[in-house]
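Protein chains: 2
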Amino acid sequence: MRLEVVNTGTELLLGKVINTHAAYFGQELFKLGLRIQRQTTIPDGIDIRSVLSEAFPRCDVILVTGGLGPTSDDITREVVAEMLGRELQLDEAILATIREMFRVRGLRQNLLNDRQAMVPEGAVVLENPHGTAPGLYLPADETVGSPHLFLLPGPPRELKPMFRDLVQPALIRILGEGAELPAWRNFRIYGVGESALASTLEPLLSGIESLELGYCARLGEVDLRLIGEGDSVEAASAIVRREFADQIVVESETSIEEVVVGLLTDRGEAVATAESCTGGLIASTITDVPGSSVVFHRGYVTYSNEAKSILLGVPEEVIAAHGAVSEETVKAMAAGCLEASDADHAIAVSGIAGPGGGSEEKPAGTVYVGIASRGREVFAKRYFYPVDRISFKQRVVRLVLDLLRRRIRGIPLD
Amino acid sequence: MRLEVVNTGTELLLGKVINTHAAYFGQELFKLGLRIQRQTTIPDGIDIRSVLSEAFPRCDVILVTGGLGPTSDDITREVVAEMLGRELQLDEAILATIREMFRVRGLRQNLLNDRQAMVPEGAVVLENPHGTAPGLYLPADETVGSPHLFLLPGPPRELKPMFRDLVQPALIRILGEGAELPAWRNFRIYGVGESALASTLEPLLSGIESLELGYCARLGEVDLRLIGEGDSVEAASAIVRREFADQIVVESETSIEEVVVGLLTDRGEAVATAESCTGGLIASTITDVPGSSVVFHRGYVTYSNEAKSILLGVPEEVIAAHGAVSEETVKAMAAGCLEASDADHAIAVSGIAGPGGGSEEKPAGTVYVGIASRGREVFAKRYFYPVDRISFKQRVVRLVLDLLRRRIRGIPLD
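Each protein sequence line maps, in turn, to chains A and B. For the first sequence, the working numbering assigns the number 1072 to the initial residue and increments by one for each residue that follows. For the second sequence, the working numbering assigns the number 1072 to the initial residue and increments by one for each residue that follows.
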C-alpha cells in the first residue's frame, strides 16, 4: 500500500515552525506496518493542486495536513472537491458546532469561519474537538482515479487526536481484515561506528531473506533496525547479539541514560559526577530521567583548577605536575568525588572542548575520563573527539554513560 | 529563482528523527531573499532518481541532503552522476582526508568509507570539517537540463557549517551581481509571549510599508524578525526598541548564554551555580560558550537535601520547616553558593520537574529561583511551568539566565 503525506503551510517553509508531522505520522504508521513513501511540504495556496495531481496515480492513500482554516489561502477543501468533481455542500452540524465554539469562547463569529462548514459530497466528516475546522475523509474513487484522501488540520494538538481516534481505524479498515504487521527490532549500539557495523554485519546477514536493515547514527550511538518477516528478524537478531554482545546498550529505543538509571536503581546504587569540560551536562543528562533522584544525589562542576582542589581534593601538585587535563588529575577527581559523596560510582571528566585551549600534545578534543567504584581500582583513559564544542560535550556524555554501564554490568571498560 | 529542497533519509519518514533541515534552510534562505517552493522527503535508496527527474525541469536550484554516507543505501552521488552523464572519479584529496580522520581517531579504515571519495566529473567539492563525506556542488548544466544541484550531508552539525560557509556564498553568486538582499533585523525577546508581542506591535507597525514581520516562539524566548526595505526595518526597529527596552536580550540571533557570558567578561565578574531541579543544565548551558571558563569556575548540582546542606550550607531546619522546594531554601542555596565560591553572582534553583513529586500546594512545574550578588539582597521568586520534564529544565535555564542578565544590566528583576 503506497502512502504519501502532503503538508501545506508557508510557515513550515519559512522556518518559523518545525514540521513534526512527518515524524509523528511515521511513528504511528509504522505500528500498522505502513510507511510513508514520500512527504512533501508546499506553501499555502494553489500548489496543492499540482502536488495532488502528481500523487494521485501512484498512491493508495494520501494524508494532507493544513489548508482547512478560515483564511483566503486555505483552499485544500475547494481544490479537492474540484479535482474529484464534487459539489461543496454546507454541513449544518459543522456550522452549528463552529458557532457554538465561538459563543463559548466569547468570540465574534465571522463569515470566514463559515467556509469551514463546507463539505465535498460523499466526504466523511472527521470531528475536531480541539479546533473549528473538521477533518475530511474522501474514500478512493476509481471513476476519477483518486486514492483514499484524508484532509487533516495543521496544528498538532488538533491533528494528533484526530489521527489516533479516526484516521488510524480507517486505515486499518482500508488495509483489510487479517493484514499482517511486520516484525521489527531496534538495537542501540555504542562504541562501534556506522560503517564498521555495516561492514561486519552486512556479509553475515546477506543470506537472510525478507530482511531490511536501517541505520541511524547519532553522536556516539548507532541505532540498527531490523525489519521484515518474523523469522528473518529473529535470525538476524541472533547474529547481531553474537557479534556485538558488549556494545549493545539495549534492544529497544531506550536512551543510554535511562538504561544506566535503570541498572543503578535495580542494584540500589548511586553515582556522583565530577565534571570539567562537560560543564554539568553529564549530571543534567542523568537527571533528564524521571526518578533519577534515587540514584543521583550530587554532582560537581569543577571548571577551575581551584575548584578541582577544593571540592574534590585533587592535590595542587598533581595539577601542577601533569596539568588539569591528564590521567592523574582525572583519577584524583574520580577518587575524590567518590570519597566526598555517598555514591557507589563516580564519573570524572577533564578535557579540552575547544575551539581554544589546545596544545600540540593535547589538542582540542582531548579528554580524560575516570570511573571510580567502591572496592575497585580507578579506571582512567584518554579519548579524542575533534568535533565542535557542543558535539564534543554530547559525545563525552555518551561515552562516560556507556563506561558506567559496562562497569555496572561487569563488561571490560577497555 | 525557484528553489526546492529534497531530504533523503528513511529515519525521517519512520519518525526516528525530526526533520529540522527545512526550517533551518527556510530561515537562512530568507536572509538572501529566497524561499523554498517545495520540500520533499524520501527514503534512502532509489527514489532520489524519480524525485530529481520531476524537479529538474521546474527548478533553478535544488538542495539535496543525505545519501552521501558510506552504507549501501547512500546512493545520491551515484544517481546524480548517472543523471548528468558524468563519470565518478576518485578524489585523492578527499580520500587522504578521510584516511587521516580515521587515523587521528584511532579507527580502522574500511573500504566502505572510500566510496565517499568518489566525485562526479565537474563537481565542486564542499569541504566537510565535521564528518567524512564532503558535500558536492554541480552547477546547472543546460545540455542535460539540470539546475544547480547542491548535495549536502544529512547530520545537522555537518550540514549547517557547510551551508553557511560554502552554499550561501555560492547561492549569492548564482543570484548574480547586484542582486538586492532584503534588510532584516532579529530581536531576541524574553519575558513577553508571542501573542502579547503581536498585539502590542502590529497596530504600531501597520503604517510602515514594505515590512514583513516574522515570529518564532521557543521555550522562554521569542524571536521577532523584521524584513523589508532598509528604511522600513529601521523605522520599525525604533518602535520595537521603545516598546520592549528591558525585554530585548539582544538585536541579533546571539543566544542568551552568549549574552550573559559576554556581559560578565566585560565586567570581569564570575557566576557560580547551585542547581537542584535543572540538574546541571544551567552550568552546562553557560559552559557551551567558548571562553566561559573566565566567568564560570564552579557549579554545584545538589539533588538531595543532604547535598544542599553539606555543599551549600543550607540549614537542615530550613529544609525541614519549608521544604527543599521553597523560597527560604533557594535563598539559602544562592547565599551559600556565593559564600562558598569566589564568584560575584550565584544562581540557585529548586523545583519539581515532574512528572512525579508534585503536591497540591506545589504541583510539578513549580520552581523557586534565587539570585545572589555581592553587596545586594538575595532575590528569590516562585515560577510555574507545567510542561514536560525536559522542556521545564530548558525553560528554567532561560529564565535564570535572563534574570542574571537583568541583574548585571541593572534592570529590575521583578
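I should point out that these hints are in silico values taken from the structure, not numbers from a laboratory. There may be inaccurate statements among the hints.
In this list, chains with the same sequence are indistinguishable; a pair is considered to hold if it fits within one copy or across any two.
Derived EDC-like pairs (lysine to aspartate or glutamate); straight-line CA-CA distance at most 20 Å [to be verified]:
| id | residue 1 | residue 2 |
| --- | --- | --- |
| 1 | K1452 | E1324 |
| 2 | K1433 | E1283 |
| 3 | K1452 | E1149 |
| 4 | K1102 | E1082 |
| 5 | K1231 | E1099 |
| 6 | K1433 | E1324 |
| 7 | K1452 | E1399 |
| 8 | K1452 | D1359 |
| 9 | K1087 | D1145 |
| 10 | K1452 | D1485 |
| 11 | K1087 | E1099 |
| 12 | K1102 | E1283 |
| 13 | K1231 | E1432 |
| 14 | K1087 | E1292 |
| 15 | K1231 | E1280 |
| 16 | K1452 | E1273 |
| 17 | K1087 | E1322 |
| 18 | K1102 | D1131 |
| 19 | K1452 | E1283 |
| 20 | K1087 | E1283 |
| 21 | K1102 | E1324 |
| 22 | K1087 | E1324 |
| 23 | K1452 | E1340 |
| 24 | K1231 | D1359 |
| 25 | K1102 | D1459 |
| 26 | K1433 | D1413 |
| 27 | K1087 | E1265 |
| 28 | K1231 | E1273 |
So, going through the hints one by one against the coordinates:
no., hint, verdict
1, K1452 - E1324, "neither (28 Å within a copy, 38 Å between copies)"
2, K1433 - E1283, "neither (43 Å within a copy, 49 Å between copies)"
3, K1452 - E1149, "neither (60 Å within a copy, 41 Å between copies)"
4, K1102 - E1082, "between (29 Å within a copy, 15 Å between copies)"
5, K1231 - E1099, "within (10 Å within a copy, 29 Å between copies)"
6, K1433 - E1324, "neither (35 Å within a copy, 33 Å between copies)"
7, K1452 - E1399, "within (10 Å within a copy, 43 Å between copies)"
8, K1452 - D1359, "neither (26 Å within a copy, 24 Å between copies)"
9, K1087 - D1145, "within (18 Å within a copy, 30 Å between copies)"
10, K1452 - D1485, "within (8 Å within a copy, 48 Å between copies)"
11, K1087 - E1099, "between (25 Å within a copy, 11 Å between copies)"
12, K1102 - E1283, "within (12 Å within a copy, 41 Å between copies)"
13, K1231 - E1432, "neither (45 Å within a copy, 30 Å between copies)"
14, K1087 - E1292, "between (27 Å within a copy, 13 Å between copies)"
15, K1231 - E1280, "neither (33 Å within a copy, 39 Å between copies)"
16, K1452 - E1273, "neither (32 Å within a copy, 58 Å between copies)"
17, K1087 - E1322, "between (35 Å within a copy, 15 Å between copies)"
18, K1102 - D1131, "within (18 Å within a copy, 39 Å between copies)"
19, K1452 - E1283, "neither (37 Å within a copy, 54 Å between copies)"
20, K1087 - E1283, "between (35 Å within a copy, 13 Å between copies)"
21, K1102 - E1324, "within (13 Å within a copy, 38 Å between copies)"
22, K1087 - E1324, "between (28 Å within a copy, 9 Å between copies)"
23, K1452 - E1340, "neither (23 Å within a copy, 34 Å between copies)"
24, K1231 - D1359, "within (18 Å within a copy, 27 Å between copies)"
25, K1102 - D1459, "neither (33 Å within a copy, 25 Å between copies)"
26, K1433 - D1413, "neither (33 Å within a copy, 28 Å between copies)"
27, K1087 - E1265, "between (30 Å within a copy, 12 Å between copies)"
28, K1231 - E1273, "neither (33 Å within a copy, 31 Å between copies)"
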